[in-house]
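Chains A and B, in that order, are what the protein sequence lines are.
Taking the working numbering, the leading residue of the first sequence gets 15, the next gets one more, and so forth.
Taking the working numbering, the leading residue of the second sequence gets 33, the next gets one more, and so forth.
Dumping the calculated SDA-like pairs for lysine to any residue here, alpha-carbon to alpha-carbon at most 25 angstroms:
1. A:179 <-> B:138
2. B:40 <-> B:228
3. A:173 <-> A:157
4. B:216 <-> B:275
5. A:173 <-> B:91
6. A:184 <-> B:172
7. A:179 <-> B:169
8. A:173 <-> B:117
9. A:184 <-> B:199
10. A:173 <-> B:122
11. B:138 <-> A:182
12. A:179 <-> B:107
13. B:187 <-> A:170
14. A:179 <-> B:116
15. A:179 <-> B:164
16. A:179 <-> B:165
17. A:173 <-> B:93
18. A:179 <-> A:85
19. A:173 <-> B:138
20. B:276 <-> B:263
21. B:138 <-> A:163
22. A:179 <-> B:151
23. A:184 <-> B:173
24. B:143 <-> A:178
25. A:225 <-> A:58
Since the hints were derived computationally from the structure, they do not count as laboratory data.
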Amino acid sequence: MTLRKIGVPLAAIVILLLAWEFLVWANGWPDYKMASPSDLFPAYVQYWDLFIVMGWQTLWRTIAGLFIAIAVGIGLGMIMGFSQTMRDALYPLLVGFNAIPKATVVPIVALLFVGAHDFNTVLIAFMISFFPIAVSISIGLSTLEPEYRDILRSLGASKTTIFWKIALPKTLPEFFGALKVAVTLAFIGTNLMEIVSPHGRGLGALFDSGKTNSDYPLMFAVLIALAALGIVLYYIVVFLENIFAGWAERNPS
Amino acid sequence: MQNLIEIKGVRHAFATAAGPLPVLDGLDLAVAEGGFTAVVGPSGCGKSTLTRLVAGLLIPDEGEVWLHGAPVKGPRATVGMAFQNPVLLEWRSIIDNVMLPLEIVKNSLSKSEQRDRARYLLELVGLAGFEDKRPSELSGGMRQRASLCRALVHKPEVLILDEPFGALDAFTREDLWQIMHDVKEQEPFTGVLITHDLREAIYLADHVVVLSGRPARTQYVLELTPGPRSIDTLYTPEAAQMLKDLHTQIRIAQGRKEGDAA
Ligand SMILES: Nc1ncnc2c1ncn2[C@@H]1O[C@H](COP(=O)(O)OP(=O)(O)OP(=O)(O)O)[C@@H](O)[C@H]1O
Ligand SMILES: [Mg+2]
Numbered sequence: 015m016t017l018r019k020i021g022v023p024l025a026a027i028v029i030l031l032l033a034w035e036f037l038v039w040a041n042g043w044p045d046y047k048m049a050s051p052s053d054l055f056p057a058y059v060q061y062w063d064l065f066i067v068m069g070w071q072t073l074w075r076t077i078a079g080l081f082i083a084i085a086v087g088i089g090l091g092m093i094m095g096f097s098q099t100m101r102d103a104l105y106p107l108l109v110g111f112n113a114i115p116k117a118t119v120v121p122i123v124a125l126l127f128v129g130a131h132d133f134n135t136v137l138i139a140f141m142i143s144f145f146p147i148a149v150s151i152s153i154g155l156s157t158l159e160p161e162y163r164d165i166l167r168s169l170g171a172s173k174t175t176i177f178w179k180i181a182l183p184k185t186l187p188e189f190f191g192a193l194k195v196a197v198t199l200a201f202i203g204t205n206l207m208e209i210v211s212p213h214g215r216g217l218g219a220l221f222d223s224g225k226t227n228s229d230y231p232l233m234f235a236v237l238i239a240l241a242a243l244g245i246v247l248y249y250i251v252v253f254l255e256n257i258f259a260g261w262a263e264r265n266p267s
Numbered sequence: 033m034q035n036l037i038e039i040k041g042v043r044h045a046f047a048t049a050a051g052p053l054p055v056l057d058g059l060d061l062a063v064a065e066g067g068f069t070a071v072v073g074p075s076g077c078g079k080s081t082l083t084r085l086v087a088g089l090l091i092p093d094e095g096e097v098w099l100h101g102a103p104v105k106g107p108r109a110t111v112g113m114a115f116q117n118p119v120l121l122e123w124r125s126i127i128d129n130v131m132l133p134l135e136i137v138k139n140s141l142s143k144s145e146q147r148d149r150a151r152y153l154l155e156l157v158g159l160a161g162f163e164d165k166r167p168s169e170l171s172g173g174m175r176q177r178a179s180l181c182r183a184l185v186h187k188p189e190v191l192i193l194d195e196p197f198g199a200l201d202a203f204t205r206e207d208l209w210q211i212m213h214d215v216k217e218q219e220p221f222t223g224v225l226i227t228h229d230l231r232e233a234i235y236l237a238d239h240v241v242v243l244s245g246r247p248a249r250t251q252y253v254l255e256l257t258p259g260p261r262s263i264d265t266l267y268t269p270e271a272a273q274m275l276k277d278l279h280t281q282i283r284i285a286q287g288r289k290e291g292d293a294a
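Based on the provided sequences and hints, a complete structural model is requested.
Written as structure tokens, this is what we have:
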């Protein structure tokens, strides 16, 4: 079972790499057109220290942005979930805000807080990722069947008790669904900022330096490193989901 | 005998977009201690609203709701509720679901005594051995039985059942009727049962109240001999006569509703 769970995805990765290598070899592409996996290993070896430093930069900023997004998203979600008036007031604003392509916001923020690189990056990661969290929490809370509330309310339970005992746990599956989307979005946010801001840090900046130096294998190596980080973060969320909202999965009997 | 539940001249209207919607108008209801009253009436006439009044979840615009000699001003822990939707918490085991009210209502039971109490109730309704299952692993009838245990676990004076068997098939429903009689023997309560099923009403209750169409008022009250009975009593000529009377009353209730609309 576990062998299957690890072996199958691993095999898929190996097959993908082989196919990629073959495609580049068969077409005779030079590495400025398309680097092949075998070009990547030298790039990793050469820049290993940089990858560690920059990878860490990207990772902590993404996670910081994500945590702020979770806090703000839950807060907004609760406000909108409990109050119809606030939902009517805030929803269109949020949708509008979310519709703005963040690539256009990045230069504005970069200019607004010039030099505050960490802050800018975390800010964009947060801005791009809080929306699905806020929506999922507000929908989860506002669609709570009234009977659930009545069961506890008829016993004299306070609003806080109802929130902790019923509303919050019931919303967790939707919350984790949104968090999976948010993780990926936060990554995109971090990298947008890292690539755009001058003298940046993080994997985005490494990518940018690869571009300036026409080091194509490095650029591809950064992409793969980003993918790897993304996978790790995503599966951390899946792991937490199984612990806290595993009950929502219908166990096959 | 003293009346445990006493509702007198209750009027209530909900504020809606189209203006106030009168739902209850001149509702009277009295349930003696240990009594079991079934309430029937046209769909949407205000039956669930009535249960919310008794539970203290809703304060009426006018009129009085008394529980055990005191006016109802808000929710109180001496009420247990079960609905058509069993609303079990899916992330909890069955026994933890049943114990939920004990986490909210003040009581002197230790954790293990709470468990024993829940276990005893589950056994009473035939759910022994399912304590640690999740609600999703149970059938609809079993979930409804667990929901009944949760409504009873804190020994409420009043048990409010809002169409609890409405979504079950006919045979499962008859099983649960029987269980209700057994439960009432072991765990005495004063009951209000909302139902659409006239047979259920005359099988379980000692009074059947017919409400008029919306806005609801008490239209007709049928008195039965209290106490447990066997399913065969539903097939006697007396039962047939009662069902016929109730049926006629429901028709009248619906007629009044149509008359209002015209
Ligand atoms: N909170 C509320 N706000 C506005 N209208 C309400 C509210 N609750 C109930 N109503 C309306 O009051 C009327 C009576 O509702 P209620 O749920 O008490 O009926 P019911 O007799 O239980 O119906 P059913 O037989 O379908 O269960 C309905 O028309 C319903 O739409
Ligand atoms: Mg109802």
